[in-house]
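**Student:** Given next are the chains, with one letter for each unit.
2 protein chains.
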Amino acid sequence: METSLTRVEWRALKQFTKAVFEKAGFTPEGAESQADVLVWANLRGVDSHGVQRIAWYLGLVDKGHMKPRANIRILKETPATLLIDADYAPGPVVTVMAMRKAIEKARSVGIGWAVIKNTLHQGAMGYYALMAATEGMAGIAIVCNPPNTAPHGARAAGVHNSPIAICVPGQRHQPLMLDMATSVAARGKIDVAVDRGIAIPLGWALDTDGKPTTDPKAAAVLLPAGGGKGSGLAMLFECLTSLFAANPLLAPVFQGKPGASVHRQNSVVAAVDIATFTDLAQYRQNADEIVDGIKALPPAEGFNEVVVPGELENRVHAERERSGIPLPAGTLQKLVDASKRFGIPLPAGL
Amino acid sequence: METSLTRVEWRALKQFTKAVFEKAGFTPEGAESQADVLVWANLRGVDSHGVQRIAWYLGLVDKGHMKPRANIRILKETPATLLIDADYAPGPVVTVMAMRKAIEKARSVGIGWAVIKNTLHQGAMGYYALMAATEGMAGIAIVCNPPNTAPHGARAAGVHNSPIAICVPGQRHQPLMLDMATSVAARGKIDVAVDRGIAIPLGWALDTDGKPTTDPKAAAVLLPAGGGKGSGLAMLFECLTSLFAANPLLAPVFQGKPGASVHRQNSVVAAVDIATFTDLAQYRQNADEIVDGIKALPPAEGFNEVVVPGELENRVHAERERSGIPLPAGTLQKLVDASKRFGIPLPAGL
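So the protein sequences, as listed, match chains A and B.
As numbered in this note's numbering, residues 533 to 882 make up the first sequence, in order.
As numbered in this note's numbering, residues 533 to 882 make up the second sequence, in order.
Don't read these hints as lab results, they were simulated from the structure.
Note that this is a predicted model, so its numbers are computed, not measured.
Please note that the accuracy of each hint is not assured.
No copy labels: a pair is met if it fits in one copy or bridges any two.
To be verified - Below, a list of computed lysine-lysine pairs in the DSBU-like style, where the Cα atoms sit at most 30 angstroms apart: (1) K721 - K749; (2) K721 - K827; (3) K608 - K633; (4) K595 - K749.
In isolation and in its complexed conformation, chain A is listed as follows (with noise of 0.2 angstroms):
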């Protein structure tokens, strides 16, 4: 499949990446993060999360909206909590020092949470819950943006699909890993079928008078997964993040706030200790063994097989490890584009 595409092989990838984020101003470490949590959702087949980005990220950049190297600071502190001020940070600049820190009090409380305020697009947030797994924890991580989804029995954007990841350890397995958003179906997905010319569901997205639609191209408002169950989440989530964080996103939209609607993340990230509350191995073993027993029920009509959450993008991810990740012309475009501006070599085989 995708074999019309350019492949490109990860490593090579993400150290252009690198190059092209150290080029524009963020730290080694920092350029460092950015770069695989990019790579990462491309190796997991999340295109809309990956390198496609690079362009929007330098823009920001360029706006001085976002700050490749922000006074990232560390408002209030306990044994088991923060609460981070990311000053415009790059998502995965702050949030991945915010999970290692999280992991650190994990590590001698049994739980670390913390509170992110004023990142900017933090990618795919699987990568936080899956640090979290790496070192023998469950991992939980939420986002809030300004809201693009209708609360449930609305025809007007009053939440945001804000996903949530929670990952834990296999052994035999992967990590368990659920990366949600709250939506019926993520924007990227409507900016999919957009690039394609084809229709969308109906029960996707409302259009700009609140109708039901199916032309991807007057989507304008997402509609909630499960109905007010989806929607429920998203308003809670705002409360768990930006609430904490004393910085809502919801509200002020809604109050039509100058600025309001800029796009700006507030998160929580989690992480619990399981070797505080039990033994590891058999934890992991007991993972393994929800996944063989789902995986082993019969299947649906019209489904070939039972998944278990993240087990397609794992797949995707091992083929894309061996045979490279393919990129459409357009994101071609965008890494030629950064490659002339900085004067760094394109990936071999580009």
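Once you have looked at the hints, place chain B on chain A.
**Tutor:** For chain B alone, coordinates are given in the frame of chain A:
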């Protein structure tokens, strides 16, 4: 509405319920928790989790499966976390205790995270999340049971429709409360359809052959809310509760272990202290403004108003506090039976 049903004053019903559980062997404090959780559910209109459960609970006690004076033990403890072995204590008895301790820890280090193993039916999880909100904290409560819900793409049960409740305090408004199962419809709603002899919508449940059904009597397996999102959350909730307690509830059923399907629950209840992060009065006001803004959105076609999670239950609560809790004949009979068995006079008016 419901004027044909017998109504009982809620305090009298609670007093009666408490007396029943004391006679059944609960401590006075345990009986108080049990009665308060049940009658709170009735007040909010969640009658499936109210006093109609008395007979079932008494049966569990009679069989020795539920221990009114269980040997509840704290197995592990840090400044932020707890692992509690409930020893088959009634859900409210151990969970009220666990949330109180989580709140204490949150007051001290910003968060308290309590994992509970081997309890029985905890009732409406929102009750425990609300305990934290009442103390100026965010409350989170999650529970897992043996499987009753098909994972997305499967036609047999593989996860539980694990509910999650999240609650934060408002100021003018009632606490913002989400209390949702991860299935499309709770089992209780299907039971109501059986009682009424009406069909259930397609998409709620499968029959024992794994085929979609609209017959509530044939409904054997629940379907997850939002497809893989609901069942993904449910799978990870097992990992955050049962696996942290070294007490898996899903895999033993897959493996056909004897007794694996017997009702029991593992759970996590957590409190996050708002004042540790920010100004509580400001937080409350910010929470109010989310409610105000969402309620002011234009309703979607087919809706008269936009309601926020918990709002309808709050209205029922206010009405039933004033006018009493309506009891259907079947529930009334259960109260009469308990009254006779223990020689406790029925609440006034019954």
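**Student:** Hint compliance check: list the failing hint numbers for this structure, sorted ascending.
**Tutor:** Of the numbered hints given earlier, the structure breaks none, since each of them holds.
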